[in-house]
Amino acid sequence: MNKTKVPGKNNKHKVLIYAISTCAWCKMTKKFLSDNSVEYEYIDVDLTSDEDHEKIRQDIESKGAPPSYPTIIVDGKTAITGFRKDLIKEALEI
Amino acid sequence: MMALDKVRQRAESDAKTYGYYLNPDADFLKDLLEGLQKNEERYGYPSCPCRVASGKLELDRDIICPCDYRDPDVAEFGTCYCALYIRKDMYEGKTPITPIPERRPQEKQTRAYAVAAEARAEKPPETAKVISPEPSQVKKKLWYCRQCGYVVYREDPPYVCPICKAKREMFAEIAVSTSLSG
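Heads up: the sequence lines are chains A and B, in that order.
Quick note on numbering: this note's numbering labels position 48 of the first sequence as 48, and the sequence is numbered without any gaps.
Quick note on numbering: this note's numbering labels position 129 of the second sequence as 129, and the sequence is numbered without any gaps.
What the hints contain is simulated information worked out from the structure, not anything from laboratory work.
From the three backbone atoms N, C-alpha and C, an ideal C-beta is built for every residue, glycine too.
Treat each hint with caution, since some may be false.
Within a straight-line C-alpha distance of at most 25 Å, the following computed BS3-like cross-link-like pairs (lysine-lysine) qualify [said to hold, decoys possible]:
{"#": "1", "chain 1": "A", "residue 1": "Lys63", "chain 2": "B", "residue 2": "Lys108"}
{"#": "2", "chain 1": "A", "residue 1": "Lys85", "chain 2": "A", "residue 2": "Lys12"}
{"#": "3", "chain 1": "A", "residue 1": "Lys31", "chain 2": "B", "residue 2": "Lys30"}
{"#": "4", "chain 1": "A", "residue 1": "Lys85", "chain 2": "B", "residue 2": "Lys94"}
{"#": "5", "chain 1": "A", "residue 1": "Lys30", "chain 2": "A", "residue 2": "Lys55"}
{"#": "6", "chain 1": "A", "residue 1": "Lys27", "chain 2": "B", "residue 2": "Lys6"}
{"#": "7", "chain 1": "A", "residue 1": "Lys27", "chain 2": "B", "residue 2": "Lys30"}
{"#": "8", "chain 1": "A", "residue 1": "Lys5", "chain 2": "B", "residue 2": "Lys38"}
{"#": "9", "chain 1": "B", "residue 1": "Lys38", "chain 2": "A", "residue 2": "Lys3"}
{"#": "10", "chain 1": "A", "residue 1": "Lys85", "chain 2": "A", "residue 2": "Lys14"}
{"#": "11", "chain 1": "A", "residue 1": "Lys77", "chain 2": "A", "residue 2": "Lys12"}
Derived CB-CB ranges, DEER-like [claimed, not checked]:
{"#": "12", "chain 1": "A", "residue 1": "Gln58", "chain 2": "B", "residue 2": "Ser181", "range": "52 to 60 Å"}
{"#": "13", "chain 1": "B", "residue 1": "Gly44", "chain 2": "A", "residue 2": "Asp52", "range": "17 to 25 Å"}
{"#": "14", "chain 1": "A", "residue 1": "Lys31", "chain 2": "B", "residue 2": "Cys148", "range": "39 to 47 Å"}
{"#": "15", "chain 1": "B", "residue 1": "Arg10", "chain 2": "A", "residue 2": "Lys9", "range": "37 to 45 Å"}
{"#": "16", "chain 1": "B", "residue 1": "Gly44", "chain 2": "A", "residue 2": "Gln58", "range": "27 to 35 Å"}
{"#": "17", "chain 1": "B", "residue 1": "Thr98", "chain 2": "A", "residue 2": "Lys9", "range": "22 to 30 Å"}
{"#": "18", "chain 1": "B", "residue 1": "Lys94", "chain 2": "A", "residue 2": "Leu47", "range": "31 to 39 Å"}
{"#": "19", "chain 1": "A", "residue 1": "Thr4", "chain 2": "B", "residue 2": "Pro96", "range": "27 to 35 Å"}
{"#": "20", "chain 1": "B", "residue 1": "Tyr153", "chain 2": "A", "residue 2": "Asn10", "range": "52 to 60 Å"}
{"#": "21", "chain 1": "B", "residue 1": "Gln147", "chain 2": "A", "residue 2": "Thr4", "range": "48 to 56 Å"}
{"#": "22", "chain 1": "A", "residue 1": "Gly76", "chain 2": "B", "residue 2": "Arg154", "range": "34 to 42 Å"}
Turn these sequences into a full structure, and let the hints guide you.
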């Protein structure tokens, strides 16, 4: 599975975004993290294979979240569904 | 490829018909319209830019924009899932636009995965996981609106009648029987 890494000064937490390439909320989420200099990786789910897509769905569900996008995974544990600025800020301490 | 202006005009005209507005954030709106344009190009129909489509029309029918969930979502939350279509108070900035929960039933999503998994595994290995016990076929039925008589041939009746705005409960199935005689 190809992850795209976006470098940033703030790498306190490991951040992974499951996104959709055509989704405006996903784009907003990526921009928000970049604007806050947060380092993150992302995968555009619609551009992956069916198999990877299934794995991603299972990964999201294993963290107790519904498979909708964007989903932000913080430190491989917490899943935040949607561009919820307040929750993202809290989880990333920004 | 369909010109972006056409995609925009189609959305504008649909918003007008239903008394909705398009997202006032010009950049956000452009992203969504480009997403619709992209999906129309890759799937042949403008499926929702904020959901993952299966690429199979029968399974994606409910998420073709304007999706089945738009009307109840705008009524309840003031925006559709993508925030392409929004209510007047949101357009005027009286209420902030925030993400809303997914209304699409999860079984509709998993069905698309099940189809993909079936296609992959001719001989399923022992470790193969049964993703969905549901049959992957979509069974369509005839439904009519008991209020205005509108008839639709789909898996489920619409949430809201597109003609008279009656709620889903107002729809009833039409039982079809054919007899051969003579």
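Here's how the hints hold up against the structure:
no. : hint                             : result
1   : A:Lys63 <-> B:Lys108             : 21 Å, holds
2   : A:Lys85 <-> A:Lys12              : 18 Å, holds
3   : A:Lys31 <-> B:Lys30              : 15 Å, holds
4   : A:Lys85 <-> B:Lys94              : 19 Å, holds
5   : A:Lys30 <-> A:Lys55              : 22 Å, holds
6   : A:Lys27 <-> B:Lys6               : 23 Å, holds
7   : A:Lys27 <-> B:Lys30              : 12 Å, holds
8   : A:Lys5 <-> B:Lys38               : 24 Å, holds
9   : B:Lys38 <-> A:Lys3               : 22 Å, holds
10  : A:Lys85 <-> A:Lys14              : 17 Å, holds
11  : A:Lys77 <-> A:Lys12              : 14 Å, holds
12  : A:Gln58 <-> B:Ser181: 52 to 60 Å : 54 Å, holds
13  : B:Gly44 <-> A:Asp52: 17 to 25 Å  : 23 Å, holds
14  : A:Lys31 <-> B:Cys148: 39 to 47 Å : 45 Å, holds
15  : B:Arg10 <-> A:Lys9: 37 to 45 Å   : 43 Å, holds
16  : B:Gly44 <-> A:Gln58: 27 to 35 Å  : 29 Å, holds
17  : B:Thr98 <-> A:Lys9: 22 to 30 Å   : 28 Å, holds
18  : B:Lys94 <-> A:Leu47: 31 to 39 Å  : 37 Å, holds
19  : A:Thr4 <-> B:Pro96: 27 to 35 Å   : 30 Å, holds
20  : B:Tyr153 <-> A:Asn10: 52 to 60 Å : 53 Å, holds
21  : B:Gln147 <-> A:Thr4: 48 to 56 Å  : 51 Å, holds
22  : A:Gly76 <-> B:Arg154: 34 to 42 Å : 41 Å, holds
Of the numbered hints given earlier, the model fails none.
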